[in-house]
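**Q** Here is what each chain is made of, one letter per residue.
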Amino acid sequence: MEKKYILDDEILYLETLSNGMKVFIQPKPKFIQTFASLYIDFGGRDFRYKRNNIEYSLPRGTAHFLEHLLFENNGDTLTKNFIEANADINAFTARKVTSYYFSTKNQFYPLLLRLFDNFVDFSFSEKTIKKEGKIIAQELSMNDDSESVKAYKSLLRLIYKDDSIYHDIGGTKATIKAIDKIVLEQAVEHFYHPKNMTLLVTGNVDPAKLIETLNNHEFVKKTWPEYYPIERFTNLADKTIHTKRKVDKKLETNLVEIGIKIPEQLFKNRQMEHFLLLDPFLEMIFDPSTNIYKTLQKKNLYNHSLTVTPMYDGDYSFINISIETKKSKQFVKTMKELLLEIPVTDIPEKIFKAFHRAEIGRTIKSFDDVKETHSLLENLILNNVDTSGYFERKKNIKLENFNDLKQVFTKNNIYLVEYIKQS
Amino acid sequence: MNLIKRNIADLDVYYIKNDKFKTIEAFFVFSNDFSEKFVNESTFLTEILSDSTKKYPSTEKFKLVCDNLYGLSKMSHYHFEGSLDITMFAISSVNDKYLPEKHVFNQAFDILLEMIYAPKTVNAKFTKKIVKEKLSQAFEMLLSIKQNKNAYSYNQFMKAYLRNNTDHIGIFPNEEGLRDFTQESLTKVHQRLITEDNLKIFIAGDFDFSEMDNLIETKSQKIRNRSKKEFAFKPFFRSKKELDTNLVIDKTSSGQTRVFIGYDLNFPHNQENAMTMALFNELFGGFENSLLFSNIREKLHLSYYVFSHYSVGNHLFYINLETTKDNADKAINEVKQQLLNCQNGEIDEVLFIQAKNNIINRWQTAVDSQVKTMLYNIIDFFRYENIFDETEKIKMLENITKADLIKLINSINLDTIYIYTSGEY
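Sequences listed follow chains A and B, in order. First residue of the first sequence: 1352, per our numbering; consecutive thereafter. First residue of the second sequence: 11, per our numbering; consecutive thereafter.
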């Protein structure tokens, strides 16, 4: 088993099982809970892909549908054993991944085995498929009246040509109707293979015992069919129209969504670099100490709804600035001016030094809570970032490392969606 | 993790000692009688005080000093718990033991004191500028709440459920109260906080008691609060005026139908009843195997989510679900039927045990988070003048019988149904 030191007293173990599944384990012996997540490299984007040189398609929302069904695989209810052991179990489907996760303070090993029972054979009854279809239809309707969700989706459509970026992960009521047994069998065959899975365990566990437990399970002992890697292509071509404006009487106030597209060369084959720099960069640029914050405050354009979010999904990346404000016109004008000044503005040395010290503290704190540690490692693993090198690199970031990111703030990379309240 | 009381320089200080975490958390908790009139001021005050101080008069300077203290996190929060106004200020500092330099916690503690006792003021008053800024933000926030249909429907339901009895609502921002929000009102609330409120200090982490005693003793001169008045916690009891169910149908939705069902809890509030009600809430709609979830989502497929909520401090119990317009009545009737079944004694033994275990599990796993442990202790302290004694609480919960629970829930009466739906409901 490979052993990597994340911090002096925080160790991460890595093992690849004989069936090809990667396992990451971070023991936290002082804590009573253990968190486990099983990731399948199958998400909302996988409705069009290539495998063994053949092009395939699936109805949009298949990964999410399958996630629901896995809880009733082989006619058994997965949650039952977990609830009996007072463990929490749940799942989510993102654009790139499906994750099944649980946390418990009791019976970790039996529960882990129960989870993997679910990933050996797959069988779903027509009744279950129909039932889950109805529940998912309810889920998909939940954001029907959310104008902020609509505005954000509009921004994605404005920035990207690739529909795997802007379509709903769960599909639509129409696309999920097309999901049947045949579709599900194809999805399982192509994606639910150990070589396409990763397990992360954080908490009160013994790494050697965990691996031994898994090795004795049918999931590892079974002979799996040959695995063919999935090939995907993301179209990141630039778009010509950069603004969208909609006037709507349903709105109570104006919505502004700004996207700053990050060119591919900044993250392609540089996952760790981009992952390391994007968050701190935004933190420093939109820090209360910066000109951006001060100007917004001074012009009375700042309010609680303002968010600045880094978006990085491995194959695309942008920065999202979002606000609900009556003063959208002034906000947009001011923000555009401020963004275009970033390439020629230096980050003050004192801000960077303070940030550096804060990062040391934040890293220590992130290992002080088993749930937070788990989520940090999840983020690194899902973005293919080397977990041991990450913290070392983080300590050695230099101010000049941010220079490339500063240059993304050009007119050509800025996209704007405005939803305006009809007066 | 036991709570240990100390009296240092006439201050009530409580330690929660453990060597599990690498941080030290310090909480200053102020309490007073709930004052609905000052909900805006109290909330804004926590924001303003954590943003700058006299010594660090801009957000920039204050952030810089905190970042330099290895990312000192500060938190401030105001809420009301039954009859009490509770205002908390807290810091989470990496323990010196894990840092390349010493006295970081000492400096962090100074920051906490600066934040509370030495705000940025001019002529002993908060500035006009900050009042203007906060007012502008509050009006923007009111529009955002109206735009967010979940927040909007929850607020509308609460108004109907509490019969617009603003003494019991205290929702922020209080639109009417914003008219009276001034430099003077803000300054007055700050003065009240530091002179009239009761103060208790809670510190958790791996530290030496006598060193911490000394540190507090040394800095006690800066702590101006010397009020020894204790404010007793009383949960709010809604005064029921009408006998008929309060039915409100709001037809302005353009999406899914949101349903809230509120109940009148017609039983005295005490720790035992509150625990029995919390147990009922858990089995009725508190988790993914609850009666409502199993029947409304899994069996009848009427809703993606359905949950019940029990607010101990405000003695409220309500159900929240989202469904299609056509299925709203069916879902409401199912909620009513499930409650009736329980009141008639139809409660599955396995589910009953399961609900108990869920609650116990939540208490037991709290020890994995220092902040959670701290908050559990603070809440119990204010509600029951008791420390959070996990063993005692578990014993109490385990002693609750199904008969106790059924007896209690027979005092629950349907009070308000709020439906946020579209056109022709």
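What the hints contain is simulated information worked out from the structure, not anything from laboratory work. Certain hints may be false.
[Stated by the list, open to error] Pairs of lysine to aspartate or glutamate residues, derived as DMTMM-like cross-links and limited to a Cα-Cα distance of at most 20 angstroms, are as follows:
1. Lys30/B <-> Glu1603/A
2. Lys261/B <-> Glu1603/A
3. Lys1645/A <-> Asp29/B
4. Lys1650/A <-> Glu70/B
5. Lys30/B <-> Glu1723/A
6. Lys1456/A <-> Glu298/B
7. Lys112/B <-> Glu1710/A
8. Lys1431/A <-> Glu359/B
9. Lys32/B <-> Glu1361/A
10. Lys1722/A <-> Glu359/B
11. Lys156/B <-> Glu1769/A
12. Lys71/B <-> Asp1697/A
13. Lys30/B <-> Glu1769/A
14. Lys107/B <-> Glu1624/A
**Q** Next, verify each hint and record whether it holds.
**A** Evaluated hints:
no.	hint	in the structure
1	Lys30/B <-> Glu1603/A	violated, 48 angstroms
2	Lys261/B <-> Glu1603/A	holds, 16 angstroms
3	Lys1645/A <-> Asp29/B	violated, 41 angstroms
4	Lys1650/A <-> Glu70/B	holds, 17 angstroms
5	Lys30/B <-> Glu1723/A	holds, 15 angstroms
6	Lys1456/A <-> Glu298/B	holds, 18 angstroms
7	Lys112/B <-> Glu1710/A	holds, 18 angstroms
8	Lys1431/A <-> Glu359/B	holds, 15 angstroms
9	Lys32/B <-> Glu1361/A	holds, 12 angstroms
10	Lys1722/A <-> Glu359/B	violated, 32 angstroms
11	Lys156/B <-> Glu1769/A	holds, 18 angstroms
12	Lys71/B <-> Asp1697/A	holds, 18 angstroms
13	Lys30/B <-> Glu1769/A	violated, 49 angstroms
14	Lys107/B <-> Glu1624/A	violated, 31 angstroms
The structure fails to meet hints 1, 3, 10, 13, 14 from the earlier list, while all remaining hints are met.
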